[in-house]
Amino acid sequence: MTRTNGASGGGGQQQQASAAGKLPRKRFYRARAHSNPLSDSHFPVPVSPDEVDLSQHYPRYFPADKGGGEEPPPPRIRFADVGCGFGGLLVGLSPLFPDTLMIGMELRDKVTEYVKERILALRASNPGQYDNISVVRTNSMKYIPNYFRKAQLTKMFFLFPDPHFKEKNHRRRVISTQLLDEYAYVMEVGGIIYTITDVEELGEWMRSCLEKHPLFEAVPDEEIKADPVVKLLSTATEESQKVARNGGQTFHAIFRRISLQEE
Amino acid sequence: MEDTAVEEAEVSGAAEFAPALIAAHPHGNSVAVAIGPELRVFDLKAGSPVLLSDDCDGRSHSDAIRAICFSVSGALFASAGDDKLVKVWKTDSCRCIRTITSEKRVSAVAISNDDLYVTFADKFGVVWLVTLGEDGTEQVSVDNKPVPILGHYCSIITSMKFSPDGRFIATADRDFKIRVTLFPKNPLKGAHEIQSFCLGHTDFVSCIAFTSMSENQSFLISGGGDSTVRLWDYINGCLLDTCQVRDKMGELLEPNETDDSSLAIADICPSNDGSLVAVAIQSFTGVMLLACDVVEKKLSFLKVITMEKSYIPTSLASSFSSELLWTVMGASNMPNQASSQLLTRLRIVPCFQKDLISSNNSPAILEDSEVPHGEKFLLALQGSLDIVKQEEVLASVLAALKVSMHKMLVKKHYSEERREQRKRGRNDKKIKN
Ligand SMILES: C[S@@+](CC[C@H](N)C(=O)[O-])C[C@H]1O[C@@H](n2cnc3c(N)ncnc32)[C@H](O)[C@@H]1O
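Chain order of the listed sequences is S and G.
For the first sequence, our numbering assigns the number 1 to the initial residue and increments by one for each residue that follows.
For the second sequence, our numbering assigns the number 1 to the initial residue and increments by one for each residue that follows.
The hints are simulated quantities; they were obtained by calculation from the structure and are not laboratory data.
Predicted, not measured: the structure shown is a model, and the values here were computed from it.
Don't take every hint at face value.
Below, computed lysine-lysine pairings styled on DSSO-like, alpha-carbon distance capped at 27 Å [as the list claims (entries may be wrong)]: (1) 212/S / 402/G; (2) 297/G / 166/S; (3) 185/G / 248/G; (4) 150/S / 104/G; (5) 354/G / 402/G.
Quick look at which bits of chain S chain G covers, simulated, 3 or more residues with Cβ under 8 Å [unchecked claim]: (6) 92–103; (7) 176–190; (8) 207–221.
Under 7 Å between C-beta atoms, here's a sample of chain G residues computed to sit facing chain S [to be verified]: (9) 153; (10) 199; (11) 247; (12) 250; (13) 294.
Ideal Cβ positions, reconstructed from N, Cα and C, are used throughout, including at glycine.
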């Protein structure tokens, strides 16, 4: 079907601003607070992971003029930030893992545009950096397998997802037993899934879904303390900063993808 | 924006046109046809219609049956549909041994290869499992409630099949996805380990089938709204070949007969030797045959079997033991349809096996007089032998088929305004308020 636009896409006057290295202003990208993850999509979806055009997302890793001779296998996306919002986590992770390709997945159109511009601006003002992060507009609850192959991802992030309080809307939550099957499929054994929220009830829900799932096990506390990524969960994203400003509590659940133990 | 796609499907399901279905007992003992709430079974060994006894708790189907299947052993049969009932029947005694009530309408049903479990998919895309007990015996504990084992997030499952070795359960949906999941030894805890996704269809997937039930290696075949039939290595989720039915039909039909939407694949049926695939196409009066070369991993156009002008099969079936391809045409839930009009038409193709590949002639369809057990059989499964009455009903099915099949399967895109209207019109909400 259609190709997805990478961080190099996008348009309008903001594009010029970001090409000149100026960060886009959030107020140009104001959007509705919540989108309904179940409503039908009007954005392009790759038919299968083979159709995801990485050169649009990470042009430095996919130069147009191939030098001939033996090519190393092209890199793959390894981290996914699901419901990435304004992209703070990607920006924080990029220098920590400069050789790892990462993608943010975001449902809201305007917010996705903002993240694209933000990344382009960062690339322009910091040559050689931020080439490993990008964003795509998609409904992660429906199209994860269209983007990633089996065992492709080593980390998945779900930071401050929408809480969907009402019981009848629980099935709209991004973490559920059913969706964990799909996340387990795209994650490599040993990969880590990070979740955090300031809503206690949702925190318990995400933890209990992960605990019940046979393909995930809790990462021990010592390991969590030593993981440099963990600090970013509560500091890097726009939502986490808002929570911190208001002195809110956060609840995380960090689990490892394991292989299935058949009794 | 409150309402959801799935809820839409749930609501609009009520008046949706329901195609007639056909299934054949794996050893050729019987043939079953479902139309509307009616289940018609003919015993080919005894040469008589089967009297089903629905005595387990008295609830019979009261709305369109959407899915039927025989188990691989032939011991069990299942039926399910819009009335939210899943019924499991023993084929030897012709008795219903279980009636399961689903919370939602049921779109697909399957029985595990060991006859221990029945699985069904509801309109929210969730697959539920119920234990049937040893050999499908009738002693099952009462608290044996359906448990959810997997789900296609907010998409309706159109077809569900177990792999020939019983290790996998494959599910296809209206969002162009096919999921292949390991079926665990203890499935009551859910089927969480996905073996592969078979992605390639660009429209809804209407049907899936596994080839070669006897050999070790098997393949998955799928048909969809994009007018393609695809061959998959389902272990690795690799698309091996795609047959563009639309292109072929373009050569065969008048140009005005081939708008895209009318060439959706309605059903597929592999021959028992795995060398052929019969394809029913939404507006084609006949069946297309594809040759399936499992060595070269190719799916190629072989020939078409044209049938009478008013005949478009809605469902196909074959059994391991015989070389007959059973086809049925019919529908319920059409506007102005009385229940007395639940008529179907059957057409049977003999020699549905690899000899067809080398022969130059199109196989002849059996004349009504050549059909096994002749009129008795046709009367039982069609509901009538009256050609005039039949023609009348089939003409309306034909008209409905041309438009409905595609509408039925593609997701509805409602405008915001229309969505609001539908929400206000919903009965379940009205009751609560
Ligand atoms: C509360 S925000 C948190 C954003 C970000 N992770 C942060 O911590 O700042 C949740 C985000 O998830 C997005 N979202 C919700 N459902 C989604 C879906 N199904 N697919 C992709 N993004 C989704 C929303 O649009 C929103 O931007």
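Hint check results:
1. For a cut-off of 27 Å, the pair hint linking residue 212/S to residue 402/G is broken: about 47 Å separates their Cα positions.
2. Restraint check for residue 297/G and residue 166/S: not satisfied, since their Cα atoms lie roughly 49 Å apart, outside the 27 Å limit.
3. Taken as a hint, the residue 185/G and residue 248/G pair is broken in the structure, with Cα atoms around 43 Å apart against an allowance of 27 Å.
4. Using a Cα cut-off of 27 Å, the hinted pair residue 150/S and residue 104/G is violated, with the two alpha carbons roughly 31 Å apart.
5. The straight-line distance between the Cα atoms of residue 354/G and residue 402/G is roughly 31 Å, outside the 27 Å bound, and the hint therefore fails.
6. By the rule of at least three residues with a Cβ nearer than 8 Å to a Cβ of chain G, the coverage given for the segment 92–103 of chain S is violated, with 0 such residues.
7. With 8 residues bearing a CB less than 8 Å from a CB of chain G, the segment 176–190 of chain S meets the requirement of three and the coverage assertion stands.
8. Only residues whose C-beta sits within less than 8 Å of a C-beta in chain G count toward coverage, and the segment 207–221 of chain S has 3 of them, enough to reach three; the restraint holds.
9. Given the 7 Å rule on beta carbons, the hint for residue 153/G holds: about 5 Å separates it from the nearest Cβ of chain S.
10. Using the Cβ-Cβ criterion of 7 Å, the hint placing residue 199/G at the interface with chain S is satisfied: the shortest such distance is roughly 4 Å.
11. A least Cβ separation of about 18 Å between residue 247/G and chain S goes past the 7 Å threshold, and the interface hint is therefore violated.
12. Hint status for residue 250/G relative to chain S: violated, with the closest Cβ pair at about 21 Å, above 7 Å.
13. Taking 7 Å as the C-beta cut-off, the interface hint given for residue 294/G is violated, the closest approach to chain S being about 23 Å.
Of the numbered hints given earlier, the model fails hints 1, 2, 3, 4, 5, 6, 11, 12 and 13; all others are met.
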